[in-house]
Each structure stands twice: as C-alpha cells, then as structure tokens.
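So the chains spell out like this:
2 protein chains.
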Amino acid sequence: MVGLNAIREARSRLAGHITRTRLEASAGFSRMSGHSVYLKPENLQKTGAFKIRGATNHILQIDPALGRRGVIAASSGNHGQAVAHAAARAGYPAVVVVPEGASAVKVAAARGYGAEVIYHGTTSAERAALAGELARERGLTFIHPFDDPWVIAGQGTVGLEILEDLPEVDLVLAPVGGGGLIAGIAVAIKESRPGTLVYGVEPVGGNSMQRSLQAGAIATIEQPRSVADGLLPTRPGEITFELARKYVDGVLTVTDAEIVAAVVTLLERARLVVEPSGAATVAALLSGKVPGSGRRLVAVLSGGNVDLGLLADIIRGRDA
Amino acid sequence: MVGLNAIREARSRLAGHITRTRLEASAGFSRMSGHSVYLKPENLQKTGAFKIRGATNHILQIDPALGRRGVIAASSGNHGQAVAHAAARAGYPAVVVVPEGASAVKVAAARGYGAEVIYHGTTSAERAALAGELARERGLTFIHPFDDPWVIAGQGTVGLEILEDLPEVDLVLAPVGGGGLIAGIAVAIKESRPGTLVYGVEPVGGNSMQRSLQAGAIATIEQPRSVADGLLPTRPGEITFELARKYVDGVLTVTDAEIVAAVVTLLERARLVVEPSGAATVAALLSGKVPGSGRRLVAVLSGGNVDLGLLADIIRGRDA
Numbered sequence: 000m001v002g003l004n005a006i007r008e009a010r011s012r013l014a015g016h017i018t019r020t021r022l023e024a025s026a027g028f029s030r031m032s033g034h035s036v037y038l039k040p041e042n043l044q045k046t047g048a049f050k051i052r053g054a055t056n057h058i059l060q061i062d063p064a065l066g067r068r069g070v071i072a073a074s075s076g077n078h079g080q081a082v083a084h085a086a087a088r089a090g091y092p093a094v095v096v097v098p099e100g101a102s103a104v105k106v107a108a109a110r111g112y113g114a115e116v117i118y119h120g121t122t123s124a125e126r127a128a129l130a131g132e133l134a135r136e137r138g139l140t141f142i143h144p145f146d147d148p149w150v151i152a153g154q155g156t157v158g159l160e161i162l163e164d165l166p167e168v169d170l171v172l173a174p175v176g177g178g179g180l181i182a183g184i185a186v187a188i189k190e191s192r193p194g195t196l197v198y199g200v201e202p203v204g205g206n207s208m209q210r211s212l213q214a215g216a217i218a219t220i221e222q223p224r225s226v227a228d229g230l231l232p233t234r235p236g237e238i239t240f241e242l243a244r245k246y247v248d249g250v251l252t253v254t255d256a257e258i259v260a261a262v263v264t265l266l267e268r269a270r271l272v273v274e275p276s277g278a279a280t281v282a283a284l285l286s287g288k289v290p291g292s293g294r295r296l297v298a299v300l301s302g303g304n305v306d307l308g309l310l311a312d313i314i315r316g317r318d319a
Numbered sequence: 000m001v002g003l004n005a006i007r008e009a010r011s012r013l014a015g016h017i018t019r020t021r022l023e024a025s026a027g028f029s030r031m032s033g034h035s036v037y038l039k040p041e042n043l044q045k046t047g048a049f050k051i052r053g054a055t056n057h058i059l060q061i062d063p064a065l066g067r068r069g070v071i072a073a074s075s076g077n078h079g080q081a082v083a084h085a086a087a088r089a090g091y092p093a094v095v096v097v098p099e100g101a102s103a104v105k106v107a108a109a110r111g112y113g114a115e116v117i118y119h120g121t122t123s124a125e126r127a128a129l130a131g132e133l134a135r136e137r138g139l140t141f142i143h144p145f146d147d148p149w150v151i152a153g154q155g156t157v158g159l160e161i162l163e164d165l166p167e168v169d170l171v172l173a174p175v176g177g178g179g180l181i182a183g184i185a186v187a188i189k190e191s192r193p194g195t196l197v198y199g200v201e202p203v204g205g206n207s208m209q210r211s212l213q214a215g216a217i218a219t220i221e222q223p224r225s226v227a228d229g230l231l232p233t234r235p236g237e238i239t240f241e242l243a244r245k246y247v248d249g250v251l252t253v254t255d256a257e258i259v260a261a262v263v264t265l266l267e268r269a270r271l272v273v274e275p276s277g278a279a280t281v282a283a284l285l286s287g288k289v290p291g292s293g294r295r296l297v298a299v300l301s302g303g304n305v306d307l308g309l310l311a312d313i314i315r316g317r318d319a
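Quick note, the sequences are listed as chains U and P, same order.
When we follow numbering that gives the first Met the number 0, the leftmost residue of the first sequence carries the number 0, and every step to the right adds one.
When we follow numbering that gives the first Met the number 0, the leftmost residue of the second sequence carries the number 0, and every step to the right adds one.
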C-alpha cells in the first residue's frame with residue numbers, strides 16, 4: 000500500500016521537476032455554489048496534467064542502469080505524454096503505445112519529448128498486452144497509469160500541496176479514472192487531517208469506482224462512455240480500489256451535459272482551459288451535488304489537454 | 000508624474016484586494032522563441048484583467064465622504080468592470096458609461112458588481128463627455144482608464160511583482176492601449192533595475208504610442224482598428240506619454256493575424272484564456288520581433304475577458 004511517507008518522499012523527489020501549482024480562490028464559483036471554493040489548476044502543470052507527478056516519481060527512483068534501457072507506457076493521453084517528458088528529463092528512452100487513430104496532437108506531443116510512438120489496436124487491453132511484451136523483450140520498465148505505488152504516491156503530492164496552502168480545508172474533490180489521483184490525494188489528506196472529506200467524481204457513463212465501492216469488490220464496465228475521455232478505464236486498479244475503500248468518503252457522478260457546462264464556465268469565469276475530465280469536479284460543484292454548504296472546498300482541475308476543435312464545438316453547443 | 004514610491008504605496012494599499020499573480024515559466028514558449036520566457040497571467044487576476052489594480056488604487060485613496068457620493072468610469076471593457084468591482088468592495092456606488100451596443104456579457108459583469116450602467120453614444124469622446132457631466136452634476140469621482148497617477152501607480156505594481164519573482168529579468172513586454180500599464184511597469188522596472196529593457200506592444204492598426212514616441216509629441220489615430228479591442232484609444236495619455244518617453248525602450252507592433260495565432264497558442268500550450276489585447280505580447284514574441292535571444296523575458300498577459308463566441312471563431316479560423 001501507499002502511506003504518507005511515500006508521498007512525502009515523492010514531494011522531495013519531485014522538487015524542481017514539476018510546477019508547484021497554487022490554489023486559486025474563486026469568488027465567482029463560491030457565489031455560484033454556496034461553498035468557499037479554491038481551484039487546484041493542474042491544467043497549468045508541466046505537460047498540462049497532474050500525470051507528470053506520478054510518472055516522474057516512478058521514473059526517478061528506477062535504478063539508472065535499468066532506466067537507460069528505457070521505459071514504456073500504454074496510453075493515448077496525458078499519462079503517455081507525462082512518461083515521455085519524465086523519461087526525457089531523466090535521459091532515458093521512452094516508448095508510448097497508442098491506439099490506431101490516436102489524436103495527432105497528443106502523438107506529436109509525446110514525439111516532441113523524444114518518445115518512440117507505436118500505434119497498436121484499439122482497446123486498452125490490446126495496448127497493455129503489447130506494452131508488456133515489449134517490456135519483456137527489450138528490458139523496458141513498464142509505468143502503469145494508475146495502479147502503481149510510485150505513481151499513486153506522486154499524485155498524492157497534490158494533496159500535500161493543498162494542505163500546505165489551505166490547512167483548514169473541509170472538502171477535496173478530485174476526478175476518478177483508474178483512481179490514482181483520488182487514492183494519492185486521499186492518503187495525503189486523511190493521514191494528515193482525518194476530518195477533511197475527500198470525494199471522487201466520475202462520469203455517469205463510467206462510474207466503475209462508485210460501483211466497486213458500492214459492491215465492496217472491483218466492478219467492471221464493459222463499454223464506458225463519456226465526453227471525459229480520461230475517466231474511462233473499464234475498472235479501477237487493485238491498489239487504488241483498496242485505498243479508495245479505506246480513505247474516500249464517496250464518489251459523485253456527473254452527466255456529460257454537466258461536464259460540458261463546467262468546461263464553458265471555467266473558460267468564461269476562470270479563464271482556464273480545462274479538459275472535460277479535468278472539469279468533472281466543477282461539474283459536480285455547479286450542479287449542486289456536493290453535500291453541505293459554506294465548506295472550504297478544493298476542486299482539483301486535473302488537466303487541460305483538449306483538442307481545440309472539440310473546445311470550439313463545446314462553446315458552439317452552448318450557443319445552440 | 001509617478002515615481003517608484005507611489006507604486007510601492009500602491010502595493011501596500013492593494014494587499015488583500017487583488018490576486019498576487021505568479022510568473023509561470025514556459026518551456027514551450029522558451030523553445031519557440033529562443034528566449035527564457037515567463038508569463039505574467041493577469042488574465043487570472045480578479046475581474047480577469049490588470050485594470051483592477053489601478054482602479055482599486057485610485058478608489059481606496061479617495062476621501063470616504065467623497066467616495067460615498069460615488070465614482071464613475073467611461074469604458075466598454077475591463078476598466079469599467081474594474082471600477083465597478085473596486086467601488087463595490089469599498090462600499091461606494093459606481094456608474095459605468097458604455098457605448099450603445101456594448102457587449103451584454105461585460106455589461107452584466109459590471110451590473111453584477113452593483114454598478115449603474117448607462118448606455119450612451121458610440122465613441123469614447125461621447126462617453127467621456129457624458130461621464131464628465133454626470134461627475135459634476137452628481138459629485139462623482141471620475142476614474143480615468145489610464146491618464147491618472149493613481150491608476151498608473153496601481154498598474155505599476157505588476158512591475159514590482161515581476162522584479163520580486165525574477166530579480167534578474169532582462170526584458171519585460173507589456174501591451175499598450177492608452178499606456179497606463181506600460182508606464183507603470185516602466186517606472187517600477189527602470190527605477191529599480193535600469194538595465195532591464197521594457198518594450199510595449201501595439202497592434203499595427205492602433206500604434207498611437209509608437210507614432211507619438213517617434214514624433215516626440217502625442218499623435219492621434221482617427222480610426223484605430225484591430226482585433227485587440229482593448230488597445231484602441233485614439234491617442235496615448237499626457238502622463239503616460241511622458242513616462243513612456245522617459246522610460247520605455249521601444250514599441251513593437253503586431254498584426255491581427257499574429258495576435259490571433261498567439262491567442263490560439265496560449266489556449267493550446269499554456270491552457271490559458273487570454274483576450275486578443277492580452278495576447279499581443281506573445282504575438283510579438285512568437286513572430287520573432289523581440290530583439291536578441293536567450294533573454295530572461297516576461298510577457299505580461301494583460302487580461303482574459305473574451306466573448307466565447309469570438310474565441311470559437313478564432314479557433315475555427317485557424318482550421319480554415
């Protein structure tokens with residue numbers, strides 16, 4: 000499992016490698032929600048998402064002899080970019096396996112950091128299988144996007160930073176995909192300040208963590224669907240599920256319409272570009288799903304890598 | 000004139016009233032420009048623009064008996080919102096004179112802060128005349144958008160913050176409309192660290208400061224035109240011109256196409272919503288107009304209040 004010490008170590012290891020994002024108090028979102036709202040803008044993080052924290056924390060603790068053989072990730076999105084970036088900084092080669100038809104922008108970003116990009120299949124299972132094979136054949140270190148103690152500890156540094164900037168925080172909201180971010184944050188918060196509530200947010204069409212917690216065992220969704228493309232693994236990880244079960248107070252769900260409205264409101268009121276997955280927390284907040292009122296509340300904006308064409312469609316959709 | 004002491008006083012006066020924005024180092028813009036680039040994101044400032052600094056600095060030093068009679072601004076844009084917000088915080092009434100056909104979003108924002116909004120005429124001269132009349136009739140204090148020592152000193156706090164965060168800064172780029180921002184920044188920087196260069200940036204269709212500096216006297220442009228609607232006064236102010244003549248190293252000009260490209264690149268790479276006027280500095284940087292290379296350079300992003308429909312058009316224009 001992952002404890003507070005692992006997250007503190009990650010904090011030291013990451014110093015100078017990541018951006019120390021600051022909480023932004025938001026008078027507008029406070030007025031709209033009835034809470035006292037602070038945003039944690041990980042869309043302003045290096046590579047545009049929190050994923051750089053976990054990827055860097057894993058890669059920096061690899062034995063250099065092993066690291067020089069290279070690292071590998073299976074990801075069409077922010078984790079792939081993060082691994083490519085962290086490996087480049089460490090001077091290690093990186094391979095990123097992406098689905099056929101992956102976004103040209105994201106592939107270009109990974110290549111821009113010097114990674115070898117391999118197109119393969121269409122499902123995450125196919126990509127993971129190839130990544131596993133290549134890892135064995137070439138002696139590469141596989142970096143899992145969420146179910147990995149170093150990755151979880153790295154994401155948990157978000158929680159430590161929140162406590163540093165707002166020690167009296169009442170409630171933290173974070174998006175849930177495979178669960179790495181929520182698990183890391185929950186350990187950091189609950190082991191430091193048990194009275195603070197930690198809620199996850201999932202899309203209604205991809206609520207595998209919510210279902211797993213309700214069932215008391217990992218539940219699988221065959222075809223998760225949502226505009227929040229970073230929150231669509233078919234199931235949470237083994238480690239992330241256990242940590243969520245122990246530490247997370249609940250998981251809220253949001254519709255695509257609520258997510259899209261949150262993306263627009265963030266553009267207009269916070270002047271921030273936040274991808275749909277990253278705006279799920281604000282979607283929960285603005286749709287009145289966060290319990291209570293008047294709470295000192297932090298909404299984690301997990302990333303800002305969104306195709307600008309989609310962003311224009313979202314803006315236009317609002318006008319329609 | 001305005002000196003360093005007035006800016007230091009403004010700094011103390013504004014503490015707790017504005018957001019202390021932080022420089023964001025940008026690896027991407029550094030790579031693209033050949034400089035070592037830091038962004039000063041005043042789009043994340045309260046009310047979405049630096050204007051709150053000057054407006055608040057003026058309003059907070061008014062004698063309260065006078066303040067309670069009210070303040071007035073003539074502005075269709077960020078200055079009007081800033082005056083409305085600063086007056087509301089001080090507990091003073093505010094009147095904002097806007098042109099007929101002013102953006103509904105901006106009018107709603109001023110009203111949201113409790114200001115009385117008066118639609119009048121279409122030119123800034125007509126608005127200024129009415130504001131002057133109302134000021135006399137009702138005993139209101141007129142807050143000029145730029146040619147006012149308190150306003151200039153308030154905007155100059157941007158310069159002090161830059162020096163605090165990056166003491167070894169080589170060059171600062173700021174957009175120029177009426178000149179309040181560039182004048183304040185130039186005083187702060189040149190009186191603290193004379194070797195640092197300070198450049199203004201104007202649209203080619205609204206380069207009244209550049210022409211004035213070249214002519215050695217205030218020059219007027221009858222019909223300034225640019226997508227950067229915050230940079231279109233017909234002439235610089237008397238005070239701002241004198242300060243610019245004394246302290247500013249030069250004014251660069253950018254085309255609308257360069258501005259639009261900068262807005263898009265800021266959305267995509269910096270995940271920031273920056274209005275065209277606010278993106279002029281990055282436009283100068285990315286079009287290779289900033290002299291030298293390898294400089295520790297700060298680009299001020301002056302604001303982020305842009306109609307989302309225009310933003311969608313800008314994104315789509317890029318695809319076309």
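Each hint should be verified, as a subset may be incorrect.
Claimed, not checked - Calculated pairs, DSBU-like style, for lysine-lysine (alpha carbon to alpha carbon, straight line, at most 35 angstroms): (1) Lys245(U) <-> Lys288(U); (2) Lys245(P) <-> Lys288(P); (3) Lys105(U) <-> Lys288(U); (4) Lys288(P) <-> Lys105(P); (5) Lys105(U) <-> Lys245(P); (6) Lys288(U) <-> Lys245(P).
No lab work stands behind these hints: they were computed from the structure.
Here the structure is a predicted model, which is why all the values come from computation and not from measurement.
Violating hint indices (sorted, rising): Numbers 5 and 6 - these are the hints that the structure violates, sorted from lowest upward.
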